[in-house]
Amino acid sequence: MKLKKLLPQLLTLLFIVLIFGFFTMNAQENMDTRGIEFGFGFLTQEASFDIQFSLIDYDGSHSYARAYLVGLLNTLLVAFIGIILATLLGLIVGVARLSPNYLIRKTASFYIEFFRNVPLLLQIFFWYFAALRALPMPQDATMILGSSFMTIKGLYTPAPIWTNFDVFFTTLVAALFLIFFFVKFAKKKQEQEGKQLPVLMISLAIFLGLPLLTFLVGGVDLSFSFPELRKMSQSSYTFDGGMGIPPELIALTLALTLYTATFIAENVRAGIQGIGKGQKEAAASIGLTPSQVLKLVIMPQALRIIIPPTTNQYLNLTKNSSLAAAIAYPDLVLVFAGTAMMQTGKAIEIVGITMATYLTISIAISLLMNWYNQRIAIKEK
Amino acid sequence: MFKYVKQLTSLVAMVAVLFAFTTETMAAKKSKTLKNTQKKGFVRCGVSQGLPGFSNADAAGNWTGVDVDVCRAVAAAVLGDANKVKFTPLSAKERFTALTSGEIDILSRNTTWTLSRDADIGLTFVGVNFYDGQGFMVRKDSGITSTSQFKNGISACTNIGTTTELNMRDFFNSKGISYEPVAFEKADEVVAAYDSGRCDTYTTDKSGLAAQRTKMTNPDDHIVLPETISKEPLGPVVRQGDAVWEDIVRWSLNVMIEAEEYGINSANADMMKTSENPQIKRLVGSEGELGAAFGLDNDWSLRIIKQVGNYGESYKRNIADTGILPDRGPNQIWTKGGLLYVPPAR
Chain A
1 MKLKKLLPQL LTLLFIVLIF GFFTMNAQEN MDTRGIEFGF GFLTQEASFD
51 IQFSLIDYDG SHSYARAYLV GLLNTLLVAF IGIILATLLG LIVGVARLSP
101 NYLIRKTASF YIEFFRNVPL LLQIFFWYFA ALRALPMPQD ATMILGSSFM
151 TIKGLYTPAP IWTNFDVFFT TLVAALFLIF FFVKFAKKKQ EQEGKQLPVL
201 MISLAIFLGL PLLTFLVGGV DLSFSFPELR KMSQSSYTFD GGMGIPPELI
251 ALTLALTLYT ATFIAENVRA GIQGIGKGQK EAAASIGLTP SQVLKLVIMP
301 QALRIIIPPT TNQYLNLTKN SSLAAAIAYP DLVLVFAGTA MMQTGKAIEI
351 VGITMATYLT ISIAISLLMN WYNQRIAIKE K
Chain B
382 MFKYVKQLTS LVAMVAVLFA FTTETMAAKK SKTLKNTQKK GFVRCGVSQG
432 LPGFSNADAA GNWTGVDVDV CRAVAAAVLG DANKVKFTPL SAKERFTALT
482 SGEIDILSRN TTWTLSRDAD IGLTFVGVNF YDGQGFMVRK DSGITSTSQF
532 KNGISACTNI GTTTELNMRD FFNSKGISYE PVAFEKADEV VAAYDSGRCD
582 TYTTDKSGLA AQRTKMTNPD DHIVLPETIS KEPLGPVVRQ GDAVWEDIVR
632 WSLNVMIEAE EYGINSANAD MMKTSENPQI KRLVGSEGEL GAAFGLDNDW
682 SLRIIKQVGN YGESYKRNIA DTGILPDRGP NQIWTKGGLL YVPPAR
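Residue numbers (this note's numbering), protein chains in the order written: chain A, 1 to 381; chain B, 382 to 727.
Note that these hints are calculated values from the structure, not bench results.
Any given hint might turn out to be false.
Label-pair distances were calculated between CB atoms; the ranges are [what the hints assert, rightly or not]:
hint	chain 1	residue 1	chain 2	residue 2	range
1	B	Pro470	A	Lys319	21 to 31 Å
2	B	Asp651	A	Thr44	30 to 40 Å
3	A	Arg230	B	Asn417	56 to 66 Å
Quantities reported herein were computed from a predicted structural model and do not represent experimental measurements.
Quick reminder that beta carbons are idealized off the backbone N, C-alpha and C, glycines included.
Whole structure, please, built from the sequences with the hints as guidance.
Written out as structure tokens, the structure reads:
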């Protein structure tokens, strides 16, 4: 009986091992014929190519391993910004889709239908080659928000220059901890005594006040370096100082955000509509305000419906960020599975590493979201 | 956690399957590539995604260019018909993998011959069909006429996966100029980005610059600077491990060049059979048994000359008459002061 159960599994395993073994041998044989050696030694070699945009110190004299790290961080950056913006936009549009206001409701659904149904690569091309290309050259750019410039070569903003940043940062982290304990305390107080503290206001005060205090007593100082126009030739200009955000990053973030937000918005709408009407009416009948109804009754229940499919969207966004290669944003695929692969010829190793990296990122996101999902799930007592 | 182990196993299996589709077992014994090509009835040739003069497809899907002609010459030699070629357009990034994995049998795609490519990644360069060098293109109204006028902060558009990316770094570093590299996967996107003003300069091989300039909204607004910052000998590439196939491709190219040297062209090739000069007679197959060494008949070289023409005809048709580079420069036969000097076909 036990054998009958185990046999199919054993056979499957054997089959997989055989196939994998055959293909490994095949690859080995082919690589031998062509004189290609398998190995990861190339990672420590000098990369000798430059990368346009890097979060860490990098130039061509660093190793391929460091180039990999640059690409990975660029991928994580665009994924991180994209996920946050898409969630915010998705939440707003999802709620707007259920608005009693005709205009808001229709605008939201038009936006969703449009951006959801146009292929993402096309949207990336649109933002990069059509929309951003309509921007002025640096010398023709008008100042926005007092000191920033939006040009065809990117967005130039003032760059912060910190003194004693570590003191400021430590205080910020401490403030966050303080808020965490305060919220816990406030909740307990409400449960025991029924008193409600103005949680949001006090949290905000801690969050802003404590770090600001370091400017007075901690020797922290902040100044800005502003972008300045400089002439390079008769017709071309650039900006010195300040912080330059490449248009490739802007276009990619825009496209990923607008595309993914449509799916998240639909998840939010489904989540809210999935809660019975009776819940809302019951909450209203005991005297809760509409915002309290949403916050205390609807959302906690709707989140259980919203989170699992939204996790998928986060994963999609991260994986879709690899379309960056089309518009020269130096992400993992462009830098590592592109330039590095070409220069070293280590196709199998590099594709392997790249796939393992995306797998790791995706699993990390899933685990985090599953943990959150379990936390908010209904606890049977 | 077991769930992920399972996912991982299935992933590994999938990788293996994918890998199997892109490779095929190739024994080094006899020319398996030649046998396969004759069985299939066409030569599988990797070309660019559109570089006028080198490999470019017209609206009807007909490929022309000096790189294309190398593949046509091989087809004429081994299959008897220069049109029996299947062209696969490849990006700079894809090209070597396509060749080593067996998707194509010849890579004739303005590819620079370098030591690391030749020795490291399972490829063999068979010759040079175009002597080139890397240059820069700028907008005319910038007033820049030499690379010495480049200033810090210049942004340079180029392709990824090319020697260009490496030369560019060497060049700017040696001049002590800070620059912003903007590297795209496809040439058309590089052109679009440079044309719209994203970059101050566009850098690639000079022949490429001349060819891509014709694609700009207003070609006359751009100039190619006189400086050449690198040596770029471009030539066809084959997979390592099939020496006979390598020889066939090498000598198909050499025949085209040598035919020009001896004044044999597509129009007079048949008449040359009765020439007094034994070297001419060997080239048109009326003397010697040159084809036998590759397992081909004796008319292989005659077919190349008749169907594709000699190197000079190919250059004139594709590069000179199209206005890309009317001056042959180093790509002239050695007897006329150029660099084209091939070993004798005998």
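How the hints compare with the structure:
1. Taking 21 to 31 Å as the suggested C-beta distance range, the pair Pro470 (chain B) and Lys319 (chain A) conforms, at roughly 26 Å.
2. Checking the proposed 30 to 40 Å range against Asp651 (chain B) and Thr44 (chain A) shows it is violated: the Cβ atoms sit about 60 Å from each other.
3. A hinted range of 56 to 66 Å for the beta carbons of Arg230 (chain A) and Asn417 (chain B) is consistent with their spacing of about 59 Å.
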